[in-house]
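Given these sequences and hints, build the entire structure.
Protein chains: 2
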Amino acid sequence: MQLTELETPALLLDRAKLERNIARMRTQLTSLGGVSHRPHLKTAKSIEVARLVAGAGGPITVSTLLEAERFGAAGFSDILYAVGIAPNKLERVIALRRRGIDLSIVTDNVEAAEAVAAAGREAGEPIPVLIEIDSDGHRAGVRPDQPELLVAIARALSDGAQVRGIMTHAGGSYDARTRPELVRIAAQERDSAVACAETLRAAGFAAPVVSIGSTPTALSATGLDGVTEVRAGVYLFFDLVMHGIGVAAIDEIALSVLTTVIGHQRDKGWILVDAGWMAMSRDRGTANQSLDQGYGLVCDAAGNPFTDLIMIAASQEHGILAIRDGSSAPLPDLPYGTRLRILPNHACATAAQFGEYQVVEDGQVAACWPRFNGW
Amino acid sequence: MQLTELETPALLLDRAKLERNIARMRTQLTSLGGVSHRPHLKTAKSIEVARLVAGAGGPITVSTLLEAERFGAAGFSDILYAVGIAPNKLERVIALRRRGIDLSIVTDNVEAAEAVAAAGREAGEPIPVLIEIDSDGHRAGVRPDQPELLVAIARALSDGAQVRGIMTHAGGSYDARTRPELVRIAAQERDSAVACAETLRAAGFAAPVVSIGSTPTALSATGLDGVTEVRAGVYLFFDLVMHGIGVAAIDEIALSVLTTVIGHQRDKGWILVDAGWMAMSRDRGTANQSLDQGYGLVCDAAGNPFTDLIMIAASQEHGILAIRDGSSAPLPDLPYGTRLRILPNHACATAAQFGEYQVVEDGQVAACWPRFNGW
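So the sequences go chain by chain: A and B.
Numbers 1 to 375, taken from our numbering, label the letters of the first sequence in order.
Numbers 1 to 375, taken from our numbering, label the letters of the second sequence in order.
Among these hints, one or two may not hold up.
Identical chains share a label here; the pair holds if one copy fits it or two copies do between them.
What the hints assert, rightly or not - Heads up, simulated SDA-like pairs for lysine to any residue below, C-alpha to C-alpha not over 20 Å straight-line:
(1) Lys268 to Thr338
(2) Lys268 to Gly326
(3) Lys268 to His138
(4) Lys17 to Glu48
(5) Lys17 to Gly55
(6) Lys17 to Ala202
(7) Lys268 to Glu111
(8) Lys17 to Ala187
(9) Lys268 to Arg324
(10) Lys268 to Pro332
(11) Lys268 to Ser31
(12) Lys17 to Asp300
(13) Lys17 to Glu252
Think of the hints as simulated: they come from the structure by calculation, not from any bench.
This one's a predicted model, so the numbers in the text were calculated from it and none came from an experiment.
Dropping the structure here:
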């Protein structure tokens with residue numbers, strides 16, 4: 001199918017870029033001693049993308065139990081659900097494990113560990129658990145300076161669950177702006193995770209897994225000794241936030257929204273399109289970076305960016321395009337009906353607004369890959 | 001079903017509040033001389049909600065052709081698609097009209113008018129069009145001081161389409177903060193629309209419809225002489241942005257996200273929950289209001305707000321709750337596993353993150369109403 005046959009807005013996925021991004025991460029992990037990859041599929045939520053990056057069976061990481069069910073049904077049998085477990089989800093976790101899926105879960109507190117152990121005992125199904133570590137103070141997790149808490153959680157798990165190891169996500173890396181900063185955060189992520197695993201081992205727990213995450217740290221790490229797996233995921237598509245952090249070129253962004261010009265406010269230098277925040281999402285992740293990309297960077301239908309043309313405002317189904325503040329770039333002449341592509345701030349958020357990808361190969365729509373949103 | 005049987009996150013819709021909000025708008029429009037209501041269903045995207053507010057057949061307003069198709073199939077036969085038309089959508093518009101749905105569309109430029117007229121001529125199906133007016137400079141539309149453009153668009157439509165009238169959306173009302181300001185914007189919306197309709201009539205076009213929109217202006221208008229219909233929609237659910245504008249009480253917000261406590265960072269005063277931006281959306285519509293509500297205001301499971309407890313940060317599937325900056329309110333004791341409700345900034349954006357509503361009546365889940373997302 002031609003791109004011109006698609007109704008707009010539509011979510012485009014450039015297959016060649018996706019494959020190049022996968023190869024780039026593979027090379028990086030090989031250079032770090034061949035550490036295992038457990039790609040995070042919260043961005044892609046697609047069986048086809050999962051097969052490209054993780055082969056037929058995994059290992060993979062997910063952010064919802066719906067993902068675990070869908071990927072599990074498609075043959076992925078080694079799955080980490082990487083969000084601290086809520087008690088109301090344990091029944092579904094056990095049901096997934098009984099279907100033969102090696103689903104592991106995460107927690108960072110004794111109360112949850114007790115709930116998991118009790119559910120595992122009751123079901124006769126010891127659930128494997130990674131204890132979450134907070135390596136950079138940005139969200140959940142046991143701090144590395146809380147070894148007593150770490151061991152208390154492991155003890156609470158031991159009768160009914162399995163202490164599989166340690167996981168951390170250096171989300172603070174999203175605020176990094178320089179390569180040395182990224183290298184430092186990556187080292188801190190590794191050091192914290194490995195130290196906590198050693199604390200567990202010294203207390204008598206095998207803790208075989210040391211799992212770290214985040215695209216910026218995975219691409220910036222200079223050594224991963226002691227780490228057993230890397231969970232990066234957004235690198236599959238990349239986005240303007242990753243570009244702003246300095247880990248992706250614009251040309252590596254595989255995801256875009258196809259849209260159509262529906263009008264102009266010529267005296268204001270505005271071009272109106274039929275993609276608003278319902279298509280782009282409300283994510284403004286570049287707002288605090290050195291280059292604010294508005295709701296996205298505008299490209300022609302073939303994917304070539306216009307200089308400094310961004311989506312400056314979005315309502316539900318309208319986007320307003322204009323030259324960014326401070327730029328003297330000329331406004332391109334884009335008549336009514338012109339098709340454009342918008343590169344997103346945040347691939348996870350933009351992709352979540354759509355039910356499927358239009359997969360572009362050699363400038364044509366070669367396939368339509370479904371996504372699974374919701375929980 | 002009990003609320004405690006729901007897995008989290010889940011989208012709750014309080015039916016009693018929804019019905020009270022519908023009654024409030026009905027009373028308001030009656031007090032304004034009984035102007036017709038064409039509710040905007042871009043927020044609800046639900047057949048059941050549409051039937052409560054618009055009876056069996058409409059009239060209704062939609063933001064996507066998917067909504068037009070779904071509502072059309074459910075018996076709603078008078079539908080306005082209120083986004084400037086893109087040429088690639090005309091075929092689908094004609095197909096809908098041929099199914100007996102009186103679907104009207106919108107544009108604000110001569111090029112689009114020519115495309116619509118040509119498509120209508122070719123199909124032998126004259127498409128009814130409202131010409132969009134820009135009453136407050138915030139987005140699309142012909143300015144009231146451009147009567148020549150207005151008439152040129154009407155002329156371009158006349159051979160192949162029908163000039164049904166004028167529409168405007170006073171989106172600038174979302175920036176209003178006081179009642180007198182809202183009254184002024186509502187009057188300006190009315191005056192602009194009516195003046196433009198008179199321009200068309202003076203040029204020989206019947207232009208029977210004068211359609212205005214926006215919840216803040218509909219609830220603030222003191223007179224709507226010359227207006228034939230009002231398209232408000234977000235008032236069905238209301239949200240924190242509408243509360244910040246001053247047109248809704250917290251107790252009128254019918255939509256919330258049910259979530260569960262999954263952990264704490266006690267030294268920071270943080271409570272972690274299993275609803276992040278994937279559930280709340282990335283909408284930060286209150287960020288520029290006098291009271292920034294973060295990603296939402298936290299209530300207990302019955303819907304009673306805690307003082308100053310908001311979602312201060314959100315990642316994909318994690319929310320961080322804390323007392324808002326500057327408040328001395330105590331952090332409530334909310335142990336692991338506690339269920340909470342989060343009131344959203346923007347009902348349209350939060351609802352769009354879910355595939356269905358869990359409809360709450362008398363504290364129980366009485367029904368599950370599907371939504372239709374996408375295009």
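For each hint, the structure was consulted:
With identical chains, the CA atoms of lysine 268 and threonine 338 are at most 20 Å apart within one copy only, with a shortest distance of 19 Å there and 50 Å across copies. Only within a single protomer do lysine 268 and glycine 326 lie at most 20 Å apart by alpha-carbon distance; the minimum there is 15 Å, versus 39 Å between protomers. Taking the closest pair of Cα atoms, lysine 268 and histidine 138 come within 20 Å of each other only across two copies (11 Å); inside a single copy the shortest separation is 41 Å, beyond that limit. In the homo-oligomer, the alpha carbons of lysine 17 and glutamate 48 lie at most 20 Å apart inside one protomer (15 Å), although the nearest pairing across protomers, at 43 Å, exceeds that limit.
When the C-alpha separation of lysine 17 and glycine 55 is checked against a cutoff of 20 Å, the pair qualifies only within one copy, where the shortest distance is 18 Å, while the shortest distance between copies is 49 Å. Taking the shortest alpha-carbon separations for lysine 17 and alanine 202, neither the intra-copy value of 44 Å nor the inter-copy value of 56 Å comes in at or below 20 Å. For the identical chains of this complex, lysine 268 and glutamate 111 are inter-copy neighbours only, at 19 Å across copies versus 57 Å inside a copy, given an alpha-carbon limit of 20 Å. Taking the shortest Cα distances, lysine 17 and alanine 187 never come within 20 Å of each other, neither inside one copy (28 Å) nor across copies (52 Å).
When the C-alpha separation of lysine 268 and arginine 324 is checked against a cutoff of 20 Å, the pair qualifies only within one copy, where the shortest distance is 12 Å, while the shortest distance between copies is 38 Å. Taking CA atoms no more than 20 Å apart as the test, lysine 268 paired with proline 332 passes inside one copy only; the shortest distance there is 14 Å, against 49 Å between copies. In this assembly of identical chains, lysine 268 and serine 31 lie within 20 Å of each other by CA distance neither inside one copy nor across copies; the values are 51 Å within and 38 Å between. With identical chains, the CA atoms of lysine 17 and aspartate 300 are at most 20 Å apart within one copy only, with a shortest distance of 17 Å there and 46 Å across copies.
In this homomeric assembly, lysine 17 and glutamate 252 come within 20 Å of each other (Cα to Cα) only inside a single copy, at 6 Å, whereas the closest approach across copies is 47 Å.
Violation of the numbered hints given earlier is confined to hints 6, 8 and 11; the remaining hints are satisfied by the structure.
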